[in-house]
Structure formats: C-alpha cells, structure tokens
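From just these sequences and the hints, can you work out the full model?
These protein sequence lines are chains A and B, in that order.
Sequential numbering of the first sequence, starting at 1, is according to the working numbering.
Sequential numbering of the second sequence, starting at 1, is according to the working numbering.
Keep in mind that the hints were calculated from the coordinates and are not lab data.
No false leads were slipped in.
Some residues of chain A that are not near chain B, with every Cβ distance over 10 Å (derived):
#, residue
1, S17
2, V19
3, K67
4, S84
5, T106
What follows is a list of derived Cβ distance ranges for each label pair:
#, chain 1, residue 1, chain 2, residue 2, range
6, B, S80, A, G15, 50 to 56 Å
7, B, L114, A, Q57, 44 to 50 Å
8, A, F9, B, P61, 26 to 32 Å
Over 12 Å on every C-beta distance to chain A, these chain B residues come out as not near it, computed from the model:
#, residue
9, E1
10, L11
11, I12
12, V14
13, T15
14, G16
15, K18
16, S24
17, M27
18, K65
19, E70
20, R72
21, P75
22, T112
23, V113
24, L114
Using N, Cα and C, we set each Cβ at its ideal position, and we do this for glycine too.
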Amino acid sequence: GEDVEQSLFLSVREGDSSVINCTYTDSSSTYLYWYKQEPGAGLQLLTYIFSNMDMKQDQRLTVLLNKKDKHLSLRIADTQTGDSAIYFCAAINDYKLSFGAGTTVTVRA
Amino acid sequence: EAQVTQNPRYLITVTGKKLTVTCSQNMNHEYMSWYRQDPGLGLRQIYYSMNVEVTDKGDVPEGYKVSRKEKRNFPLILESPSPNQTSLYFCASKLRGVGTDTQYFGPGTRLTVL
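Encoded structure:
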C-alpha cells in the first residue's frame with residue numbers, strides 16, 4: 001500500500017509562517033489532502049490538490065506539490081494560536097485514503 | 001445538521017468480549033470508512049464501503065468486521081477484542097469514493113481492551 005510520511009513536530013512563533021512537509025510513495029495518487037485535528041476532535045479537511053496541479057492557494061494556506069519527488073507541503077501564513085493542532089497529509093488511490101502519522105504544530109507567543 | 005455520529009464515545013472492555021461500535025450518517029453518503037488512530041502511526045484505514053452491501057478491506061482489517069445493510073449505518077464489529085485493538089476509532093463518510101468531496105469524520109470512539 002501507499003506510504004505517507006511527515007515530520008512529527010513543528011514549533012512556530014505566532015505571526016510567522018509554518019511549513020509542514022509530506023512525502024508519499026504512490027505516483028498514481030490522484031488527490032492529496034491536508035486535514036487538521038484539534039484536541040479531542042475528529043479530522044477536518046483543510047484543503048486538497050489534484051495531482052496535475054503544482055500549487056493551490058486558499059486564503060492563508062498554500063499547498064505545493066512536486067509530483068516528480070512525490071513531495072507535498074502546506075504553508076500557513078501568519079500562523080495564529082488557533083492553528084495549533086495535528087496536521088495530517090493524506091493521499092487517495094483506488095478509493096483508499098492513506099494518512100501520514102500527523103505533524104503536531106505548536107504555536108508559541 | 002449534517003453529521004456523522006458514533007456510539008459509544010468511550011468503551012472499556014475485556015479481552016474476548018464481542019463489541020460493536022455504531023456509525024451513522026445523515027447525509028445520504030455512498031462512501032463510509034473506519035479508521036484507527038494510534039500515536040506515531042496516524043490514521044490507518046480498517047474497512048471501507050462504496051455503497052450498500054459493498055465492503056472492502058483497508059490497510060489493517062485483521063480482527064475487525066463490518067456490514068453495510070443500510071446506506072446510513074456502517075457498524076464496526078470486534079468479535080474477540082484483544083489489547084492491541086486499544087485505539088481511537090473514527091468513522092467517516094463522503095458522497096463518493098474519490099475526488100474532492102469532503103470526508104466528514106465522526107467524533108471518535110476511544111476503546112480500551114484490558
């Protein structure tokens with residue numbers, strides 16, 4: 001099956017940009033997603049990118065996809081305390097969604 | 001309100017005692033799925049269902065069963081739970097299996113098997 005990997009922790013100062021990186025193994029993945037999980041809650045879809053796109057911007061969020069290197073990143077501009085959460089990268093292939101282990105983002109004042 | 005509900009939210013049980021975690025969605029979604037979340041491993045898919053009476057194994061199906069007799073319900077059954085099934089379980093649904101449809105997650109069920 002697909003392997004999706006991401007770093008486990010990121011600490012960022014309030015107001016700075018956060019960049020969360022992810023790599024995946026299956027080049028036939030059609031869509032790649034970023035989910036956010038706040039403490040005690042389920043997962044919330046933040047954004048997604050189709051595999052034939054290089055970049056997608058949605059307000060403070062920018063997704064970059066390097067299909068050749070199978071590398072996905074999520075940039076959060078002007079990071080706020082409400083952005084503290086676990087962020088999951090996910091890839092879909094053949095109706096199966098594979099998740100990374102999640103990156104815990106801590107925003108410090 | 002569009003939602004995915006799971007019951008129970010918390011469950012402590014003993015090895016070997018059969019249990020069922022229910023999942024229900026009110027959005028008429030075709031696709032439903034079960035995941036388990038473990039520290040450092042992220043979410044791993046247990047089973048998914050593309051529609052009524054259609055179920056398929058995910059990445060970690062061993063020790064679990066599911067059924068999809070109605071579109072809205074997708075129960076997860078542990079016939080003989082073991083301690084390694086202690087985990088946080090999420091049910092999710094979406095309109096179809098692929099694409100940009102948002103996947104809605106339930107609130108989670110924290111299961112402890114002693």
